[in-house]
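**Q** Residue-level listing of the chains:
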Amino acid sequence: MRYMSGCFCAPPVAFLASKCLQLLPIITIPTALLALLAGCSGGVLDPQGPIGAADNKILFNALGIVLAIVGPTIVAVLIFAWWFRASNTRARYLPDWVFSGRIELLSWGIPLLIIVFLGGVIWVGAHQLDPYRPIASQNKSINVQVVSLDWKWLFIYPDHGIASVNELVVPAGVPVHFSLTSASVMNMFFVPQLGSMIMTMNGMVTQLYLQADQAGDFYGESTQYSGEGFSGMNFVLRAVPQDEFERWVAAARQSGPELDRASYIAVSQQSQNVRPFTYRVVDPNLFDEIVTRRIPPGPGPQAGRGGPSVHPRAEH
Amino acid sequence: MSTTEALPQAYGRVIDPYSLGRDRRGDAGGGRIYVTGRGEGGPASRRVIVGFGFWIFLLSDIVMFSVFFAAHAVLQTETAGGPSGRELFNPSHIAIETACLLASSFTCGMAAVAIEARSQAWTQVSLLITGLLGLAFVVLEAGDFATMIREGAGPDRSAFLSSFFAVVGLHGLHVSAGLLWLGTMMAQVFVKGFRPDILHRLLCFNLFWHVLDIIWVALFTLVYLVGALR
Amino acid sequence: MLGKLTLQAIPFDHPVPLFAGSFVVLVVLCVVVWIALKGYVPYLWREWITSVDHKRIGVMYVLLACLMMLRGFIDAIMMRSQQTFAFHAAGYLPPEHFDQIFSAHGTIMIFFAAMPFMIGLMNFAVPLQLGVRDVAFPTLNNTSFWLTCVGALLINLSLLVGEFARTGWIPYPPLSELTYSPGVGVDYYLWSLLISGVGTLLTGINFVTTILKIRAPGMSYTRMPMFCWTALASNLLIVAAFPILTATLAMLTLDRYLGFHFFSNEAGGNPMMFVNLIWAWGHPEVYILVLPAFGIFAEVISTFSNRPLFGYRSMVIATMAFVIVTYTVWLHHFFTMGAGADVNGIFGIATTIIGLITGVKVFNWLFTMYGGRIVFASPMLWSIGFLVTFCIGGVTGMLLAVPPADFLVHNSTFLVAHFHNVIIGGVIFAGFAGLTYWFPKAFGFRLDEGWGKAAFWLTLIGFYVVFVPLYITGLQGMPRRMQHYDFALWHPWIVAAAFGIVLLFCAMVCQVIQLRVSIRHRDELRDDTGDPWNGRSLEWATASPAPAFNFAVLPRVHGAEPYWEIKRRAIETQQTAEPQYEPIELSRNSPVGVITAFFAFFVGFAMIWHIWWMAILGVVGAYAAFVWFAWRDVEDYTISAAEVAQLDRARRRVHEEWLTQHARELA
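Protein chains in written order, with our numbering: chain Y, 1 to 316; chain X, 1001 to 1230; chain F, 2001 to 2667.
In case anyone wonders, no lab produced these hints; they're calculated from the structure. There may be inaccurate statements among the hints.
To be verified - Chain F is nowhere near these chain X residues, computed Cβ spacing over 10 Å in every case: (1) A1071; (2) A1080; (3) T1098; (4) A1117; (5) Q1120; (6) F1160; (7) N1206; (8) V1226.
Stated by the list, open to error - Far from chain F by the CB rule (all over 10 Å, computed), these chain X residues: (9) V1067; (10) V1074; (11) I1094; (12) V1113; (13) Q1124; (14) R1150; (15) A1166; (16) L1179; (17) I1214; (18) Y1224.
To be verified - Rough simulated footprint, nothing fancy, chain X against chain F, three-plus residues with beta-carbon under 8 Å: (19) 2216–2225; (20) 2491–2498.
All values reported here derive from a predicted model rather than from experimental measurement. Don't be surprised by glycine CBs; every beta carbon is placed ideally from N, CA and C.
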């Protein structure tokens, strides 16, 4: 065809890279495997608790269901593109074939089947792994109240009367019931290796149940961008044996400041990269007062107040 | 955008080749064009195009209003300890505003009749009355708003008041813009007469004014009546 | 006097934006001065700036898109490089800047790169494919373009005067409320999008009216090309969705300016309502972007496989089904907000239905290739790249549609990789395919194939090298928008992604070189017949570049593939009868669009900086411009029948020569 002759500078790149079309499947499959292997530690694909494990199972089930149709489709695209190239005289040319009832049936029917399966996975999975649903366990769950501040995490242990900032110590093998809220803007509580994430919002309480099966340190973070200090807003979830947990609680009760309305308002001012510390005693109504806004929401950036501010920066 | 084909006509008026549901008829001399409603008649006339386009705009405007209605539905109970609808709404004012707006819709219809009859005087008179009634509506509503703000029930008092001021205010803003448009149209008809493009604009204005009336009915029902009952 | 605006608005103490902004201003000034000195201003004003010709407006939209894509790409380079350096370190971009950069990247790419690209291609091709002379409201079309430009200008201005939003491209409250974002950044975002949103809405109205009311005689709905059906669907979505955006952003504006409490934390405001409303717009928005892309691929695959589209009616049903279904899925953007299992489940299932109708379209494209004689010109390469890449993006999308799976990867780089997968693989690939495909029709010569293919391969490979590592880090728990991080597992993959950016940069260089080489060799690349690709739809029935009136005589459509029928008949009968020429009326050019946009810019700028007198003047000026425009008496100008005949006979002569030369080849 005429336009094929318009090649003036065929850079070597194009020629070499065109070979990649054939190599593409050969590249992507090991990459995918490598990816799986690489992802298989320290992240979402390496769950250490029942919620995470269940989430994972559903992820892979869904992946399998969808790949069952998309995989062959992608292969078919490449095969058709190659076989029906203009230079292949062996391929049949069908210039007028525009409709086939059988193919229509398949092209509507197969995706329909897929979404029936996937829909089932979705409905059942959404119910079984609803963050509000308690974990069935012989052990009694402990309660932790979570308040996301700018830009650190406050964990209140209402049953034990202490609180902790940026360090979440829980007993291993015991379900933890989280009640979450935010002091100011939206955040998202997430411990990748333990499972589901949930949003935190001012004036509302969300719930989450997680459990760490074994002892260990797990990375925790916020996944909802919340401002300047967002990148530093991670914490450690330390799962420890029950007796060590008791000892930690007892030690926390010995020293550290009190968490009451005044000290809460102080800690809700904007600050970043806060080192973990604990409060030795907590006002039992504090969480309630935060949620019902009897304590006002956390303040925003204070720099530049009192005049028109073009580039307000948070205090560090 | 003229075409080289004669436009399909029936009963001496240009018909829309794209209207759904039309049967095979319409023969623009020589049986060359079948108007089957499947859009085979070539480009529609300018009047149809302008009218249709304006309707699409009105539908988009209704979508915008419905977002504010939805926000009001969510926020109407959030009075944050401040005054609620029942305490604030002035039923007699609302009744007068409704009467003004509905009457102005009627006079707008009268203006459409006058335009069809190509009567400059009657067109100007009915458009003027439409405008005055609309102005009365806006002045009353603005007065109500000012009173509420003065009494400390402004939009910054609570979420309910925010959404109330926004949805009612948006309608008021549309009426005000319509009045501005009306004044311009009155001037244009006076200076240029009943030219086709002026007629198209008057058609659009008519549609706009009636739709504003419909939205007021919805507003009146959902915001004032339902709000007063709460 | 000048509201909040002071000299402190210029970032003298921040070298990066100061240098970048000054550099851009310098380049723009140089270009403007060069144009003025060369005497091109009258030509530009007459032929382009005030033009109401859909082809010219389409080209300007695509030009805007390419320039903004460059700006957005530079933001992307900065983001990737910052993350490469910021492992256990602060990197070179402090949070205040990094946060503006990712917000600007998203906003610019979606609103001022992807949207104008698709709208530009629709502007150019739809009236030609429908066999008519222009859109329903040509002057409105021009106004839409300039309003979009004003939005782009405001965002770019924020680089040098003030700052941009630091909230992400969707400004969730309460972060975007005045309490937590007291600067002018969010205001720049709001006014930029409020103004350009009006432009986009007007485009939607224009095209719905055009496609439904203005088609060539004989072109019933089932004879419209697929691109026109997808354009119809996309514009219906624009009409129904952009008012939601305008309303929601207006509410946020009222919160910030007048102390309203729609989304605030106190006095009863509801931030979750913002999330719901904005995604009720946001999901249709991505289908507004991708539906024209689907249409472009339908045209390209059909043309370069030398086969008609398979399953036309099925495709039409699927396309129109998108319009409805896309409004039923918005909650999948915030499964993690805690709506409960029933609600999450329903929206998850609704999302899979979208997967179903996309799958139908993919199969139809697949079977269009089946039994074809495929030519691997660069548009076809983009299409095949799309089919593979978009399917992979679809897989990850279906994973995200399952709430428990979403609970693991929401807001992580997995999500970022997914939406870049579908937007780049879908919209951007389509943009380049459409650009190459319709370039000869716009300018009369083809683009150089060699550099085009190089650009394709570098883009394809570069895309995977950037985003596969991001899928991996997402599975390793990395959230999006991290200015710095300490988690060791993520670092090697972030470095790998940076190499991909280098490849994409090379791809961009290839595109620029392609344009330059093509212009230089345009005589050899000339398209003489108007039909360089052996096309099947009506735009190929006219000369290249298309004359102002598109068609000398509006074509009569007899069959499903309008131009294919005409060609077949011409080849069979070996002659084309000369038609009866008549005078043609076209809309006159008008400066009202650019003048209105000028005032709109000052309204936006004034509102951002609280310069109330300037805002009022701007509104008055815009209204005065409307009235002045409405007062004009002569709307059209006429091209005489003789002139039309002269122009068309030249085209017919070339066409007949070509016909005799290739009659045997094509029979």
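**Q** Hint by hint, say whether it matches the structure.
**A** Here's how the hints hold up against the structure:
no.	hint	result
1	A1071	6 Å, violated
2	A1080	4 Å, violated
3	T1098	24 Å, holds
4	A1117	24 Å, holds
5	Q1120	18 Å, holds
6	F1160	7 Å, violated
7	N1206	17 Å, holds
8	V1226	18 Å, holds
9	V1067	4 Å, violated
10	V1074	5 Å, violated
11	I1094	22 Å, holds
12	V1113	24 Å, holds
13	Q1124	18 Å, holds
14	R1150	16 Å, holds
15	A1166	6 Å, violated
16	L1179	13 Å, holds
17	I1214	16 Å, holds
18	Y1224	20 Å, holds
19	2216–2225	holds (count 7)
20	2491–2498	violated (count 0)
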